[in-house]
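Line by line, the protein sequences are chains B, E and L.
If you count the first sequence from 1, position 56 lands on 56 in the numbering used here, and the numbers rise without skipping.
Count along the second sequence starting at 1, add 1000, and that's the number in the numbering used here.
Count along the third sequence starting at 1, add 2000, and that's the number in the numbering used here.
Any given hint could be a false lead.
[Claimed, not checked] Derived, one-sided and incomplete: chain B residues facing chain L with beta-carbon distance under 7 angstroms:
#  : residue
1  : M1
2  : K2
3  : F3
4  : K4
5  : I5
6  : W8
7  : V11
8  : K15
9  : W16
10 : D31
11 : G32
12 : P40
13 : L46
None of these hints come from the bench; they were simulated from the model.
From the three backbone atoms N, C-alpha and C, an ideal C-beta is built for every residue, glycine too.
This is what each chain is made of:
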Amino acid sequence: MKFKIKSWNSVAIWKWLANDDKCGICRAPFDGCCSDCKIPGDDCPLVWGVCSHCFHMHCIMKWLAAQQNQICPMCRQDWALKSDLP
Amino acid sequence: MANIAIQRIKREFKEVVKSEEVAKCAIRIDLLNDSWTQLKGEIAGPPDTPYEGGNFKLEIVVPETYPFNPPKVRFLTKIWHPNISSVTGAICLDILKDQWAAAMTLRTVLLSLQALLSAAEPDDPQDAVVARQYKDQPSIFRSTAQYWTGVYAGGPIQNSDYDQKVRRLVDMGVDENTAVATLSSHNWDLEHATEHFFS
Amino acid sequence: MPCADELYNYCCSALCILDESSSHHTLKITFGGVHTRSCSTVPLPSAPTTKHGFSGLTQVNVPPEAPSQHPGLSGFSLLPPTPSSSPAPSYPYPLIPTYRYSFMLPIYSQPQPQLPSPSAHHDWVPLFIGGIFLWESLDSKSFKSQFVIRNGDTSMAAMTKGDSAKSSNFSSLGNSNGINRTSGMNPKIGATKKLIIKNFREKPKVSEDYQIETWKKLKEAVIAIQTSKRIDDCLEDLYKAVENMCSYKMAAQLYDNLKDVIENHVRENVEPYIRGVQDRKIFLKEMEACWKAHCNQMTKIRSIFTYLDRRYVLHTPSIPSIWDMGLELFRKHVIGQQLAQTRTVEGLLMLIENERQGDVVDRSLLKSLLRMLSDLQIYQDVFEHRFLQATDAVYTTEGRRLMQEMEVPEYLHHVEKRLQEESDRVLHYLDSGTKWALIHTVERQLISEHLGSILGKGLENLLDNNRLPDLKLLYSLFSRVKNGLTDLCFHFNSYIKKKGRTIVIDPEKDKSMVQDLLDFKDKMDNIVNSCFQKNDKFVNSVKEAFEHFINQRPNKPAELIAKFVDAKLRLGNKEATEEELERLLDKIMVMFRFIHGKDVFEAFYKKDLAKRLLVGKSASVDAEKSMLSKLKQECGGAFTSKLEGMFKDMELSRDINTAFKQHISNLKSDIDTSVDLTVSVLTMGYWPTYPAVEVNLPKELLRYQEIFKKFYLGKHSGRRLQWQPTLGHCMLRATFENGKKELQVSLFQALVLLLFNDVEDLSYEEIKSATNIEEGEIKRTLQSLACGKARVLQKTPKGKDVSEEDKFQFNREFANKLFRVKINQIQMKETNEEQKATEERVFHDRQYQIDAAIVRIMKMRKTLSHQLLVSELYNQLKFSVTPTDLKKRIESLIDRDYMARDKENPKQYNYVA
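Just chain B, with the same shape it has in the complex:
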C-alpha cells in the first residue's frame, strides 16, 4: 500500500425529503423555514401527511386550526400524519 487514508473530512448538504421545493401554505422554500421562524432545521421541521404532501409543521398546524375539517390544503384529502418516513 502506497497510500492509505488516515482521516477524511467530508462535506454534505442536508435537504428535506420534500416532494416540492416550497411549502404550499407559506410558500417559503423548504430550505428555509416558515414565516415565523429564523433557523431552518430541527427548530422548524417538516411534516408529511399520508397523502404524501409535506408542509412546515408550524404552517400545517395553523391551517388545521383554522379549518373545521382536517384536510390537506393541497389535495383536500383527510389529513393524517405519515408515521413511517423513508
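Once you've looked at the hints, dock chains E and L against the given chain B.
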C-alpha cells in the same frame, strides 16, 4: 397583518410576476397599498368564449388570516355571467368559499376565475337572470356577454343593433348602464325594457 | 490699602523707601497709624513705566508691637508721636490735620559711590531721616500723597507724585523724579539717625511785591533746571512758595508765567538745536536726547509746582496739567515742525527697514523715539499709518519674489520667521496697539495673497513625502488667515481623491491595493492627527475623500477587501499576533465602511469563509467571530445572519461527529474503522451554492459514507444528504522509498493517489474515468500532484500543464524535509470560474434590486423623465451601476408592461397599473 400573510403575499407576488401567464398577459396582479392587503387583479377573457378580447379587473382583499382563509375577490369590470353578479360583480365560486385551501394562491384563484369564464355553472348561479338566459336563450346570452365585453372590458366585438336599442333608452332619459342591464335582462326586447321603466 | 477716608482718619505718617536702582525700580511706602500704631507696607508695582504711581498697590499690615520683624520694614523704627503732633497752626488754611513724626527712612538703592555703606546690609542705606506728611482725601478711590523730607540742617523738599487724576502722564523716563537728584545732598549721612521734626514757626506774610519776588525766585529755579544748573533755593521753600502763591489766588498768573518760561525755552533752545543736525542717525539721537532732557526738566519743574497742579489746574478744566503743557509745547515747537517730524518718522522707518533687511539697529533709540510719539499722542497720525503702508509694500514685493524663488517649505519657514520678527518688533519698540494691524498685514501679504500658489505648488509634495513638521507649519500659518483652512482642506481632499484613485483604479496594482489603501489611510490619519490638530473638518474630509475614490472603481475594492481579510484569517498567517490582527481588522472595517457595494464583499467573504471553515484553514475561531461581530455591528444582523448560520452548522456538525464516533465504536462490524471520518453537514441556505458533483469513491469510503448517512438520517428524519466531494479533504499516509510521509490532500487528490496503490503508471484518461472527476478539476488536481512543489506523481512528458495525452507515475523517490506535507492548497485557491460565478450571483441579485427600485419609484411618481428616474435610482441603490445597466433594466420592465414610454415624449415613462 400577520407575518405569514405578508410573507406569503410577497412571495406570491413575485411568483405571479415571474409566471408564464403574466408573460402571456393572461393574468396580472398589482398592489394598491403598502400593507399588502389591497390588490388589483386582472384577467384576460379566455379564447373561444364571449369574453375573448376583454380585460376584466378584479378587486382582491387579503384577509388577516390569509392563507388560512380565502381572499375576497369581486369583479370591478361589469360582466354578464351566470356565476357573477351583473350588478355588484360578486362571484360565486366554491374555492373562494368553503373549498378554499391554504395551498391555493392568488395566481390559482385568478386562473380559476378564468376557467369559470370558460365554463359557467348555471346550476349554482350568482345572478339568476343571467343564469336563466344562459339556459333558455344561449345565443342571446352569448351575444349579450359579448356586447358587455365590448362595452365594459374593451372587447373587440361591436353590436350596432344593441347599441341602437341602448341609445333609444338613453334618449328617453335612462342611464346608460341601467339601459344596458335592463335590455340584457329582457333579452333585448326594447318594448319590455321600456315597459319596465315606464309602467 | 484702606480707602481714602480711612487714610484721612488714621494714616498720619508714612515711610518712604525709594528705590532708584535701575534694576528694581520699586517704590515702597509704609504708613503708620497714629492711634492704632499699625504699619502698612505698600509696594509699588515693579514696572518702571507705570503711569499710575499708586494703582494696584498691595497692603501688608504690620502689628505695631513688632514692626521690625516685618521684612519690608526692617532697618527703621517708628517713634511715638512727639507732643507737638498737632495740626500745624502755621498753615494758612490747613486742609487736613497734619501730624509730624520723626522716624528713620531708609532708602533702598544700589550702593551709590558717594554713600558709604554703614552696615552689614550694605544695600540698605539710610538716606533721609525725616519728613512731614500731608494726606489728603480726594475721593474714595484715589488719593494723593506728598511729603516733604527734611534732612538734618539742610532742608530739602521732594515730592512723589501720587495718583493724579489729571496729570498721570509719566513718560518712560518719568521715574526719574526729583528724588534722585537730591540723593547726593548730604554725603555724610551714613548711619541711622533720628530726627525730631518740629512745627513751622513762622507765620506766612504776604508783602506787596510778594508775587513778583516769589515768581522771580521760582523762575530762577526753572531756568536753573532748564540749563542744568544748581538751584539756589531749597526745594521745600520753592514748593511752599508755589503753595502760598496758590493760596493767595495767584495760581492763574503763576501758571501763565510758568508756561511762558517753558515755551521760551523750548522755542529758543530746543527747536533750533534740532534743526541744525543733518545726518539722519545723529538727528534721531539728538531728538532722543532733547526729548529726554525735556522730560527730565518737566519732571523737576512739575515737582516744584505740584501744588499748582493740584490746587489750580485740577479744578480748571480748560488748561492742561503742567506735564501736559510741557508735552504740548514740545509737540508744537519741536516735533510739530514739518521738517523735524518728517525726518524723525523717516528716520524711524529707515531703521526698521534696515532691521528687516538684517542689520542690527539701535532698538533702544527706536523704542525711545516711538514712545515719544506715543506720549505726544501723534504716534498713530504721523507714524503708524506710514509704517503699515511701508510694511505692506515690503511684504507685497517680498511675497511675490519669494514665491517665485523659494520652494514651498522654505517659503513657509521664511514666513514663520517674518511673523516672529514682526511680533518681536512690537515687543521691543512698537506700540502694542500696532500689533494687530502689523501682523495682519504680514499675514495678508505673505500668506493670504498666496494661498492658492502655496497649496498648488507645495501641498502635494509635502503630503507625498510625509513632511510632518512642514505640514504642521503650513496648518498653523493657514489657520491664521481667512479661508486658509478651508482652502487647505479642499486641496487636501483633492489630493486624497487623486492619490486614492491611482491606488484603486489600476488592475495591475490589485495585488497590493488593500494594503496600499490601509497604508494610505494611516498616513492621512497621521497627518490629520499630528499636523492638522485633529480638526473635525479634516477628519471628515478624509472620510469623504476615501468614500469617493474607493467607489471610483466599482466592485473590485470590495472583492479585494474580502480576499484580504481571508488571507489574514487563514491558517498559516503568522505575521500577526492576535492583538495586531484585531487592530488590522478594525482598520479594514474602516475601509469597508467606505464601500458602497457591500453585497460584493459579502459574497466573496462568504465564499472564502466557507472554504476556511470546511477545509479547516481558519486560523482562529476568535478572530473569525470577532470579524463577524464587526460586520454585524456595521451592517446589521440581516447581513450576517447567513454567516452566523455557517458557524452554527459547524458547531452542530461537531456534535454530530462526536456522536457518530461513539456510534462507530459501538458498532461491531467488519468496517475498517481506521479511517477517521468527520462530516460537516451544511444547511443549504447559509452556504454558497455548490454544484452537485458525482465522483467515484473507493468502495470502503463509499461504505463509510453510507454508515454516516444512515446514522445522520436516523437522527434527523425527513432529510436527505447530498455529498459535496469538491470540499472534502484527507490526510493520507504515504510510503516512499525515503520513508513514510503524511500528505494533506484534497479528496480529489486522494482519489487520484489511491489509484496508484495497485499500479505504477496511469494515463490521464484512465485516471479520469476511474475517478469520474470533471475535466477542469482533474486537470487541476493532477497538475497539483505532478507539477507543483511537492511532486508525489511524475508526469511524462514533463511540463507545467496537464494534457490529455499525459501519463502519470508514482514518484517513489519523493522527498520532503517535512513529515507532514500539505498539498491541498488548490482547494483554497479561487478558480476563475468561482470568481465569475460569485460576481454573477451578486450582479443577478442586483438586477432584482434595480427592478424593484424602478417599480417602487415609478409607482410612487406615476410619471417620470428618464433623467429623474435615473437620478432617483442612484440615490436609492447602494451599489454602483452604469447608466447602461439601468437602461437595460428599464427596457426590460417596459417589455414586461410594468411601465411604458410616454406616447408624446419618449424620454418620459409612465407607470402602468
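Each hint, compared with the structure:
Interface restraint check for M1 (chain B): the shortest CB-CB distance to chain L comes to about 6 angstroms, inside 7 angstroms, so the restraint holds. Contact between K2 (chain B) and chain L, as hinted, is supported at the beta carbon level, the nearest pair being about 5 angstroms apart and thus within 7 angstroms. A distance limit of 7 angstroms between C-beta atoms decides the matter here; for F3 (chain B) the minimum to chain L is near 5 angstroms, and the interface restraint holds. The interface hint given for K4 (chain B) is met, as the beta carbon of that residue sits about 5 angstroms from the closest beta carbon of chain L, less than 7 angstroms.
The beta carbon of I5 (chain B) comes within 5 angstroms of a beta carbon in chain L, closer than 7 angstroms, and the hint placing it at the interface holds. With a least beta-carbon distance of about 5 angstroms to chain L, the hint placing W8 (chain B) at the interface is held under the 7 angstroms criterion. For the restraint placing V11 (chain B) at the interface with chain L, the shortest Cβ-Cβ distance is roughly 4 angstroms, inside the 7 angstroms limit, so the hint holds. With 7 angstroms as the threshold, the beta carbon of K15 (chain B) comes within range of chain L, its nearest partner Cβ sitting at about 6 angstroms, so the hint holds.
The interface hint given for W16 (chain B) holds, since its Cβ lies 6 angstroms from the closest Cβ of chain L, which is under the 7 angstroms cut-off. For D31 (chain B), the interface hint holds, the least distance from its beta-carbon to any beta-carbon of chain L being 5 angstroms, beneath 7 angstroms. Interface hint status for G32 (chain B): upheld, as the beta-carbon distance to the closest one in chain L is roughly 5 angstroms, under 7 angstroms. Of the supplied interface hints, the one on P40 (chain B) holds, with its beta-carbon coming within about 6 angstroms of a beta-carbon of chain L, less than 7 angstroms.
A distance limit of 7 angstroms between C-beta atoms decides the matter here; for L46 (chain B) the minimum to chain L is near 5 angstroms, and the interface restraint holds.
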